[in-house]
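K.L.:
Next come the chains, spelled out residue by residue.
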Amino acid sequence: MSKKRKKKDIEKLRVKDKKKRVNGSLGGDIVIFLFLCLLGIFMIFPIYYALIQSFKPVHELFVFPPKLYVLDPTLTNYSDMFKIAASLWVPLSRYIFNSVFVTIVVTVANLFVSCMAAFVLAKCRFPGSNVINKIIVTALLFTSQALWIMQFLVMAKLGMIDTYWALILPSIATPMNLFLMRQSISTIHDSMIEAAKVDGAGLFRICWGIVIPNSKPALMTLIIFAFQAAWQIQGGSLIYSEELKTLPTILQQITAAGIARQGVTFATAVLLLIPPLVVFMIAQGNVMETMANSGIKD
Amino acid sequence: MAKTDTAVAEKPVLMRDQGKVRYTLHQMRVNIGCYGMLAPFMILFTIFMIIPVIMSLPMGFTNFNMVQFPKFIGLSNFYTLFLNDDIFLTAVKNTLVFAIFTGPFSYVLSFFLAWLINEMHPALKTIFTFVFYAPSMTPSVYVIWQLLFSGDTYGYFNSVLLDLGFINAPVQWLTDTAYMFGVVIVVQLWISMGAGFLALRAGFQNIDKSMYEAGAIEGIKNRWQELFTITIPSMGPQLLFAAVLQISAAFTVGVVGQSLIGLPSTDYKVHTIMNHATDYGTIRYEMGYASAICFVLFAAMLLVNKFINWLLAKYLD
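Heads up: the sequence lines are chains W and X, in that order.
Number 170 in my numbering belongs to position 187 of the first sequence; there are no gaps in the numbering.
Numbers in my numbering are just positions in the second sequence, counted from 1, shifted up by 11.
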């Protein structure tokens, strides 16, 4: 009990400390704020523009020069999107199904696989563990963007081209998620694991019953990163059947029609953007907590 | 990093009682559960990351068109690559220029942004972090930018510039060789505040506030002194993590050009090593040659990584 109170006292002190800045001037603060606002506008402008354009009726879309506000907001672009999608070769529902299916499978599998591996690498010592840890840190360099041509070769050999496997399997084992999870598991106290071991729990039970529930922030972060990555999966040249393509490819099809469909294109772009943004907003605090442990130490 | 020994053997097995090999084997047997839990990740990781990286070297020595069995042709691919392939040399040059902008520049930028944001009020911190991170999770980045930079008068930049009288005719941002480079850099910078930026943001939050007080007593006068004497030295690990991600982004910048402008770009103006590999790999199906290009890319990434490690070594524990 007294320990808890002490912790609270310390936290209070910390809050006080945060309010009191040791160095820095008011003038500097204002300059910094303005600078951040300017850059922030640059960052948010394209997204804002897409949002505004998506609500414009046709006669406002082609006004010269384009206005940064809507006079007469309409949802026509969104309903048109569904109309156009209905006339595609493959029904829209199929693209939605593919995207949702791939996203869910990749996210769940990614979490399952990374959590177990992270626990073992953070808390157990066995022959090879050091080497694997080193390999994982090096592998952070090789994102799937850099690797995909060689992956194409491997998948062609395995006969996975143009199957769901090609969309799902390469995105499951991501070194970055494993790394982030490992870093945050290694901050968990060993005594907790020891206690569970004395009680006779196996590694699997310790992992899912004790370690993972105690690293919720990291788990949330992993969900976000895995979700973001999975939501963007397109397959590229790994997939050529229209039935297996995901939602982002639809955007390209609509865009291909040119400027006349500008409003619809922006509407689709906005719709695609919403899920990752919402997921991130909900869990931002967790992400920051996890990233605090993300440093690479030798 | 504290590690528990999971080996709960009945009687202690010491290395000096047995040979090293037998001891290792024993340890492996005791820790069989660890391997079991590691296996799902490691199998997928090996197939889709390790094999592709390692295979790029032997495949680079062959002539392989995906149909016939690879034919060994020695160093011929590498000779062609460095001595006869003018476009590859253009690609190397472009990659280096892009790498400077999207590597060090965006690295320093994300560091400074993280630092500046850290000085703000907590609510503003959240908002700014979100604003800067949002672009990197946008799946529709390229389409939005394509329309902003559209070559007709409806493109946003063209119409604003026309309206203000800076230009008389619409600029072909995405096909005119004079502008393509700039456009790709802008878009790459726009999406570059990703996980590395978040790591740096968190790193700043992590630093013990008492350090700054101590610094103030010791006579640190302004933000800059604080930054170089306290902040940077205590952020080594985060700096390294962000650097690794930044290297990876810098070398794969070709993806931006490819999605925004197309492949190949006009006069190979924004052609990068990545694009060159894509060109030979998935368009011409000359996999042997594409593998050689990939190998050069991987080797370059590893070298730069080693260099950054060496550079930041003094800040790491």
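Mixed in with the good hints there might be a few duds.
[To be verified] Short derived list, chain X residues pointing at chain W, Cβ under 10 angstroms:
1) Leu36
2) Met53
3) Met60
4) Thr91
5) Leu92
6) Ile128
7) Ile178
8) Ala180
9) Val182
10) Asp187
11) Ala189
12) Val266
13) Ile294
14) Ala301
[As the list claims (entries may be wrong)] Below 25 angstroms or equal to it, Euclidean Cα-Cα: the simulated SDA-like pairs (lysine to any residue) are:
15) X/Lys232 / X/Ser245
16) X/Lys232 / W/Gly11
17) W/Lys140 / X/Lys136
18) X/Lys220 / W/Thr170
19) W/Lys66 / W/Glu226
20) X/Lys220 / X/Gln79
21) X/Lys82 / X/Thr293
22) W/Lys117 / X/Ser221
23) W/Lys66 / W/Leu255
24) X/Lys220 / X/Leu120
25) W/Lys280 / X/Tyr167
26) X/Lys104 / W/Ser127
27) X/Lys136 / W/Glu226
28) W/Lys117 / X/Arg40
29) X/Lys325 / X/Val307
30) W/Lys280 / X/Val315
31) X/Lys220 / W/Pro200
32) W/Lys117 / W/Asp173
33) W/Lys280 / X/Lys82
34) W/Lys50 / X/Leu173
35) W/Lys199 / W/Gly268
36) X/Lys104 / X/Leu120
37) W/Lys280 / X/Tyr90
Hints are computed from structural coordinates only; laboratory data are not their basis.
Please read all numbers here as calculations on a predicted model, not as lab measurements.
Beta carbons are placed, not taken as given, at the ideal position from N, Cα and C, and that holds for glycine.
K.L.:
Look at each hint and say if it fits the structure.
P.N.:
Structure-based check of all given hints:
{"no.": "1", "hint": "Leu36", "verdict": "holds (8 angstroms)"}
{"no.": "2", "hint": "Met53", "verdict": "holds (7 angstroms)"}
{"no.": "3", "hint": "Met60", "verdict": "holds (6 angstroms)"}
{"no.": "4", "hint": "Thr91", "verdict": "violated (18 angstroms)"}
{"no.": "5", "hint": "Leu92", "verdict": "violated (15 angstroms)"}
{"no.": "6", "hint": "Ile128", "verdict": "holds (7 angstroms)"}
{"no.": "7", "hint": "Ile178", "verdict": "violated (12 angstroms)"}
{"no.": "8", "hint": "Ala180", "verdict": "violated (14 angstroms)"}
{"no.": "9", "hint": "Val182", "verdict": "violated (15 angstroms)"}
{"no.": "10", "hint": "Asp187", "verdict": "violated (18 angstroms)"}
{"no.": "11", "hint": "Ala189", "verdict": "violated (22 angstroms)"}
{"no.": "12", "hint": "Val266", "verdict": "holds (5 angstroms)"}
{"no.": "13", "hint": "Ile294", "verdict": "holds (9 angstroms)"}
{"no.": "14", "hint": "Ala301", "verdict": "holds (6 angstroms)"}
{"no.": "15", "hint": "X/Lys232 / X/Ser245", "verdict": "holds (19 angstroms)"}
{"no.": "16", "hint": "X/Lys232 / W/Gly11", "verdict": "holds (13 angstroms)"}
{"no.": "17", "hint": "W/Lys140 / X/Lys136", "verdict": "violated (48 angstroms)"}
{"no.": "18", "hint": "X/Lys220 / W/Thr170", "verdict": "holds (20 angstroms)"}
{"no.": "19", "hint": "W/Lys66 / W/Glu226", "verdict": "holds (19 angstroms)"}
{"no.": "20", "hint": "X/Lys220 / X/Gln79", "verdict": "violated (64 angstroms)"}
{"no.": "21", "hint": "X/Lys82 / X/Thr293", "verdict": "holds (19 angstroms)"}
{"no.": "22", "hint": "W/Lys117 / X/Ser221", "verdict": "violated (33 angstroms)"}
{"no.": "23", "hint": "W/Lys66 / W/Leu255", "verdict": "holds (17 angstroms)"}
{"no.": "24", "hint": "X/Lys220 / X/Leu120", "verdict": "holds (23 angstroms)"}
{"no.": "25", "hint": "W/Lys280 / X/Tyr167", "verdict": "violated (46 angstroms)"}
{"no.": "26", "hint": "X/Lys104 / W/Ser127", "verdict": "holds (23 angstroms)"}
{"no.": "27", "hint": "X/Lys136 / W/Glu226", "verdict": "violated (43 angstroms)"}
{"no.": "28", "hint": "W/Lys117 / X/Arg40", "verdict": "holds (22 angstroms)"}
{"no.": "29", "hint": "X/Lys325 / X/Val307", "verdict": "violated (29 angstroms)"}
{"no.": "30", "hint": "W/Lys280 / X/Val315", "verdict": "holds (18 angstroms)"}
{"no.": "31", "hint": "X/Lys220 / W/Pro200", "verdict": "holds (23 angstroms)"}
{"no.": "32", "hint": "W/Lys117 / W/Asp173", "verdict": "holds (22 angstroms)"}
{"no.": "33", "hint": "W/Lys280 / X/Lys82", "verdict": "violated (43 angstroms)"}
{"no.": "34", "hint": "W/Lys50 / X/Leu173", "verdict": "holds (14 angstroms)"}
{"no.": "35", "hint": "W/Lys199 / W/Gly268", "verdict": "holds (11 angstroms)"}
{"no.": "36", "hint": "X/Lys104 / X/Leu120", "verdict": "holds (23 angstroms)"}
{"no.": "37", "hint": "W/Lys280 / X/Tyr90", "verdict": "violated (39 angstroms)"}
Consistency note: the structure conflicts with the earlier hints numbered 4, 5, 7, 8, 9, 10, 11, 17, 20, 22, 25, 27, 29, 33, 37.
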